[in-house]
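Engineer: Listed below are the residues making up each chain.
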Amino acid sequence: DQQVKQNSPSLSVQEGRISILNCDYTNSMFDYFLWYKKYPAEGPTFLISISSIKDKNEDGRFTVFLNKSAKHLSLHIVPSQPGDSAVYFCAASRDYNNNDMRFGAGTRLTVKP
Amino acid sequence: ETGVTQSPTHLIKTRGQQVTLRCSSQSGHNTVSWYQQALGQGPQFIFQYYREEENGRGNFPPRFSGLQFPNYSSELNVNALELDDSALYLCASSLAAQGTPETQYFGPGTRLLVL
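Keeping their order, the protein sequence lines are chains A and B. First residue of the first sequence? That's 2 in our numbering, and the numbers climb one at a time after it. First residue of the second sequence? That's 14 in our numbering, and the numbers climb one at a time after it.
Hint data in this document are derived by calculation from the structure and do not stem from the laboratory.
Reference listing, derived: stretches of chain A covered by chain B, where coverage requires no fewer than 3 residues with Cβ under 8 angstroms from a Cβ of chain B:
hint, stretch
1, 42–54
2, 101–114
Each pair of labels, with its calculated beta carbon distance range:
hint, chain 1, residue 1, chain 2, residue 2, range
3, A, G84, B, T33, 35 to 45 angstroms
4, A, G17, B, L128, 39 to 49 angstroms
5, B, S78, A, G61, 38 to 48 angstroms
6, A, E43, B, E66, 24 to 34 angstroms
7, B, L96, A, Q15, 34 to 44 angstroms
8, A, R109, B, T18, 17 to 27 angstroms
Looking from chain B toward chain A, a few residues come up when the C-beta cut is under 10 angstroms (computed):
hint, residue
9, V17
10, Q19
11, T22
12, Y48
13, Q50
14, Q54
15, G55
16, P56
17, Q57
18, F58
19, G69
20, G71
21, T116
22, Y118
23, G120
Each residue gets a CB set at the ideal place from its N, CA and C atoms; glycine is no exception.
Turn these sequences into a full structure, and let the hints steer you where they fit.
Structural biologist: Set out below in C-alpha cells:
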C-alpha cells in the first residue's frame, strides 16, 4: 500500500530558478514529514522536516509546505543550484521514533547550469 | 559522511540461499532500522531494533530477521531468498532519546542481487 506518493519521477530546472517537488499522502495518522536527499552510492540524508502542527518550515534555500486538509506537502528550493541535483524522497512517520517511516518513490531533480 | 557503514557493498546470491547483511551504527546510537529499496521505489521499512529488541516491523515475512549487538552493530538475515528480494538494503541508526526522525542516519546500503 503506497501511503506516500511522489507522482513526478523526474524534474529538470535551470540553475537559479525555483524547484518544486510534490508529495501526497493518504494516512491521516502521519504526524511528521521529512524530505531526504540521495546522491548515487550514498544513503539518504535528512534535508528538512515539518510536524503536522505547522504549515511551513524554512531552512535557507529550502522550504517545506504542508497542507493537511489536502494531505499534500511540497519542497521548494530557491535558487536551485547544480549541486542540488539528486533524488529527493518524501517520508512520513506516525511517531518521533522513526518506527515504520513510509517513503515515496522519489523524484530525480536535475538542475542545469 | 554519516558514520554508518554497511557491508558488503554488493552481493550476488541464488534463489533459496540465505544472506546476512551487516551494519555498523554511529557510536552511542541505540536504535537501528532496516529498509528495503527496490529499483525505482522508495525505501520500505522492514523492522527496527531498540536496545537489542525488535521494536516494530513492516510488512515483511518472518524469513527476514535481525539482530542488534551491544557494540552498535546489527545484522539483517534473509532466509530462502527469492528473486524479488533483489534490492538495495539500507540501515539507519538513531538515538531514540533524541526523539525526532531527522536524527536518523543512513548507511550507503548493500545491493543484493538474487539470481
